Amino acid sequence: MTTRRGRTVTSPPWWVAVPATLALLFLALPLIALLVRAPWDRLWSVLTSPTSLDALRLSLVTATSATALAFVVGVPLAWVLARASFPGRRLARALVTVPLVLPPVVGGIALLLAFGRRGIVGQYLDSCCGITLPFTTPGVVVAEAFVAMPFLVITVEGALRGLDTRLEDAASTLGASRWTVFRRVTLPLILPSLVAGGVLTFARALGEFGATITFAGNLPGVTQTLPLAVYVGLEGDPSEAVALSLVLLAVSVIVLVALRDKWLRSGPAS
Amino acid sequence: MIGLDARVVVERDGFTLDADLTVDPGEIVAVLGPNGAGKSTLLRAISGLEAITAGTISCDGTVVDDPSRGIFVPASRRRIGMVFQEYRLFPHLTVLENVAFGPRSTGMARTEARPFAGEFVDRLGLTEFADRRVDSISGGQAQRVALARALASRPQVLLLDEPLAALDASTRLDVRAWLREHLRGPLFRGPTVLVTHDAVDGLALADRIVVLEDGRITQQGTALDVARRPATDYVARLLGLNLLRGGARDGAIALHDGGHLQVPDTAVVGDVFVAVRPSAIVVSTQRPEGSARNVWEGVVDGVEPIGDRVRVTVTGPPTVVAEVTRGAVSDLHVARGDSVWLSVKATELEVYPG
Chain A
1 MTTRRGRTVT SPPWWVAVPA TLALLFLALP LIALLVRAPW DRLWSVLTSP
51 TSLDALRLSL VTATSATALA FVVGVPLAWV LARASFPGRR LARALVTVPL
101 VLPPVVGGIA LLLAFGRRGI VGQYLDSCCG ITLPFTTPGV VVAEAFVAMP
151 FLVITVEGAL RGLDTRLEDA ASTLGASRWT VFRRVTLPLI LPSLVAGGVL
201 TFARALGEFG ATITFAGNLP GVTQTLPLAV YVGLEGDPSE AVALSLVLLA
251 VSVIVLVALR DKWLRSGPAS
Chain B
271 MIGLDARVVV ERDGFTLDAD LTVDPGEIVA VLGPNGAGKS TLLRAISGLE
321 AITAGTISCD GTVVDDPSRG IFVPASRRRI GMVFQEYRLF PHLTVLENVA
371 FGPRSTGMAR TEARPFAGEF VDRLGLTEFA DRRVDSISGG QAQRVALARA
421 LASRPQVLLL DEPLAALDAS TRLDVRAWLR EHLRGPLFRG PTVLVTHDAV
471 DGLALADRIV VLEDGRITQQ GTALDVARRP ATDYVARLLG LNLLRGGARD
521 GAIALHDGGH LQVPDTAVVG DVFVAVRPSA IVVSTQRPEG SARNVWEGVV
571 DGVEPIGDRV RVTVTGPPTV VAEVTRGAVS DLHVARGDSV WLSVKATELE
621 VYPG
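Residue numbers (the numbering used here), protein chains in the order written: chain A, 1 to 270; chain B, 271 to 624.
I should point out that these hints are in silico values taken from the structure, not numbers from a laboratory.
For clarity, every value in this text was computed on a predicted model and none was experimentally measured.
Note that the Cβ used here is the ideal one computed from N, Cα and C, for glycine as well.
Do not take every clue at face value.
What the hints assert, rightly or not - Stretch by stretch, here's where chain B covers chain A in the computed footprint (C-beta under 8 Å, at least three residues):
(1) 167-176
(2) 181-195
As the list claims (entries may be wrong) - Pulled a few chain B residues facing chain A out of the computed Cβ check, cut under 8 Å:
(3) L319
(4) T323
(5) A345
(6) G351
(7) M352
(8) F354
(9) F360
(10) H362
(11) S375
(12) T376
(13) A400
(14) R486
Okay, chain B solo, but in the shape it has when bound (with noise of 0.2 Å):
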């Protein structure tokens, strides 16, 4: 197997992650997942700064960690290039003393990683940066040198743990955009992993989304998939979208918590996810005159404003939340404790197999 094929179980004080991932040269997997879901962990024990308890890990064929064979090989001589949150950029040495740190330290002579180290600060931007040291520098540039620094090293994996979490919304949109270019570009052709908590960080910059969740994968598969089919009820949250679990039969599903919706495709039997747009749900204080199949009548909950929409919460069943323009909620008059109407088309709705 080329590229990085790992089977990981890590136990410890009660928590088990037990995540397969495998990443093909040049692919970058995203792996999405809460706070506590074993992101970090998982990077740790592909870059060997953990032993995993079970499994089996290779990377380019080579295997670098299996306790049941007694194999472990230390991180310092894993070819694991690893991009930090919080950069951990070494203080005492100046940018383009720590993008040579990984060449100087496998060997290299100073005379030889100083311009090969030279190489990957100007490709990476940091050229007027070169003899700073790192602590009179920005974060986002801070980002780029440690991004810089890991692929100096020549690594055959790229990780990256939470790359943009540390960074200001605006800065997060450059180095997001950057990140795009360079972690496609001439300087790493391996394959990556990038672990974020931030569902759209993953959609940007991700092929492939696996979502960890409590030390388990919960679904997998192209970034439009998870994005147009959530699994969870976390990934639905952190897209924004309403999903609804029920049994279909005859172009008719009875929802698991209450409520039945209409969907155009008579095809589809038995559990299924329903994912709905918050945007394609309409509200209205009278039963609805129009073409849409699902009418429901529901109770207020909440109103948020989001920008210039406003996302409204309607307790059903089925329960979901509506996003309304400003000028609606005004003309509606709606507010916590009213009772409302609901629609939505039947060809808005997202029905797949759970």
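Isolated chain A, as found in the complex (with noise of 0.2 Å):
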């Protein structure tokens, strides 16, 4: 290999700008379009019809709600795979983020398999407590929640083994005990992952469409989420879609910036 004298190797070749400007132009033209093919004439009016309003309503609901549950049940599941050493951890990682990959709507069937009213689990729920999870609005957020928590998990479980631990030893030498020390000095710790990790779940199950739609179904009012109602706006009224499309992009929008500090100072290591 010969370099040129006096060229540094690092920066590309002029005419790679061609195809690089085209990638730019093709991620920014469809959110170019969204903007001027809005109707803003008319946004107010469309974004507190019924349906709209419901839809809105409901997608907050859930979401808020994913976000809690994945909260509740995944902050504990990052500390264990960071911290607890047990058979299988490696597997128990990997499986966490499968629905990272997995296609939404694929998850959406396998829902319905375990916690349908057939499911392999949703049949004794059904029977013994009268739980009906499929086309009901918490088998929204029980989709929402399946695609999402993977997002808290992956970030939490990143910030805690990137903790030093030499601080929660001096807590230990305190007097506290491990809850203590967990709830006192490693959360605020990590306070900024766990920030990001929510605002990334809730954006997440914000905009989840195929898993909830294949195992919660598309009920106005009670499954229909705003990325349904976009959906069915498209073939009734499309400037609906476009208006509740904007919604959704709005909140893309905040979330970046949210993100801008935290997601890239705390550095999970996902």
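Join the two chains, each given in its own frame, into one complex according to the hints.
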């Protein structure tokens, strides 16, 4: 390999700018189109229509619930994966990442087979406690949590593994039990990652489509979340679909802004 | 046994720490040793951050670790306060909250813990920093907070792991002075173990010195004993003394590495150490005519200026380091490779059984 004298080897040659520009345009144009074609004049009336309001409210409730659920069980899972040693830990860690790469619609089918009325767990939920998840609002929460929780687990686990344990050692010499150390030292120290993971989880839950429509169906007011309303809207009133899409785009932008510092700074090892 | 009584064996990755340490209430013991000697491991074992492989550790008569009996009390229930080299203050808490952490963790109510911690904050001269975040205070202040925090957890035993090592030279003097004040003060009267690789810190702060090298205790005694009569090359080097070994008979010592020395005390017999201060050795270019009884010739191996003094290493036998004034060096014109005469009075030799 010969390199011409005086030329830096790390900067790309000029012609790479052509495909690079194409790629950037390809990513930006659809977003620009969305803004250009948005029904700005009647945006407010579209967004405040009963269907839209229902979808907005339902999305907010379910995404918040799914995020809360993810915190309640996902943070303990992250703690165990990061700090406990048990056989099958690598397998468990791999398992957490599956929903990230699994097509959501497959996730929905899998949820049906597990928690559906005839599912391997669902049949007992139905017969013993009368709990039915499919085609209910809690079902939406389950679908969203299934798809979104890995974001929280992986972010928090990465932060816990990267955390210097010396402060926790110091806390234990001061008489703090393991739970107290976790609550008063560990959690505050990984707060940026908790926030980042929570925001990512919320955003992913809010945008969830495939698993939700498969597992929970598309009942207005019950399981029809924003993305589902967008999909339905396209067949009836496209301008409503575009308006609702704008809402989802706005949420994405807010998430990006919120994570700009924290996400980059805390640097989870995902 | 009241106080700290530890027989510690820790085996890990081919390294073995095997050390016995007994410290009375109110006594300060300095564990002195080079990096990797096992000093920090010893403290971690006593504090409960690491389990011992064999032996037994008891605090105030309560056994806290004894693998043969299946006893292991975790760090959080040992009541052993620890001060770390890098302070390890909680960055998300204020100075006062850091100090209150121990009392709060052991069940004291918030309303009670604040004034309780405030007392320690005041006593250690940190009142004006009480509500500051710990990342906004200096290293010396941080080490005070670390001590206040450890003391506020009402420990039975206090452990200090290189408390001065991270401080710059002038802060070091300050912190050493107030450590000396507070380690014997009214805030703590239990046994204290101080780990350091700096002989001056150990001599300044401790009643007793324990020298730990390669996982084993190689010497222990009062600070004065160890300072005057080092038993290993490591301690001698640390103190800047020449340490020679030999066999004594009839007031003469045949040194193991060659050469002879005359001593005033004819009663000493057998294997002995001889400690010689470098400043007690006189360097001259001619054979000296004086009264010194020990005179030998050697070749200068190195000349190292330290302030207004110069350390001259002379290959013997015996090989020693002599310390002379700068003026003497320029008068003598000694340089590496020169032949010189060394002399030392018999009364300047510290001779003790080895």
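Structure-based check of each hint:
A stretch counts as covered by a chain when three or more of its residues have a beta carbon under 8 Å from one of that chain; for the segment 167-176 of chain A and chain B the count is 9, and the coverage holds. Here's how the segment 181-195 of chain A fares: 6 of its residues keep a CB closer than 8 Å to some CB of chain B, so the rule of at least three is met and the hint holds. Evaluation of the L319(B) hint against chain A yields a held restraint, the C-beta minimum of about 5 Å falling below 8 Å. Interface restraint check for T323(B): the shortest CB-CB distance to chain A comes to about 19 Å, outside 8 Å, so the restraint is violated.
Interface restraint check for A345(B): the shortest CB-CB distance to chain A comes to about 4 Å, inside 8 Å, so the restraint holds. Because the closest C-beta pair between G351(B) and chain A is about 7 Å apart, less than 8 Å, the hint holds. The interface hint given for M352(B) is met, as the beta carbon of that residue sits about 4 Å from the closest beta carbon of chain A, less than 8 Å. Here the hint on F354(B) is kept, as its CB sits about 6 Å from the closest CB of chain A, short of 8 Å.
Because the smallest distance between the Cβ of F360(B) and any Cβ of chain A comes to about 6 Å, under 8 Å, the interface hint for this residue holds. A least Cβ separation of about 4 Å between H362(B) and chain A falls short of the 8 Å threshold, and the interface hint therefore holds. Because the beta carbon of S375(B) sits about 4 Å from the nearest beta carbon in chain A, less than 8 Å, this interface hint is met. With 8 Å as the threshold, the beta carbon of T376(B) comes within range of chain A, its nearest partner Cβ sitting at about 4 Å, so the hint holds.
With its C-beta approaching chain A no nearer than about 18 Å, A400(B) sits outside the 8 Å limit, and its interface hint is violated. At a threshold of 8 Å, the smallest CB-CB gap from R486(B) to chain A is about 25 Å, leaving the interface hint violated.
When the structure is compared with the earlier hints, violations turn up for hints 4, 13, 14 and for no others.
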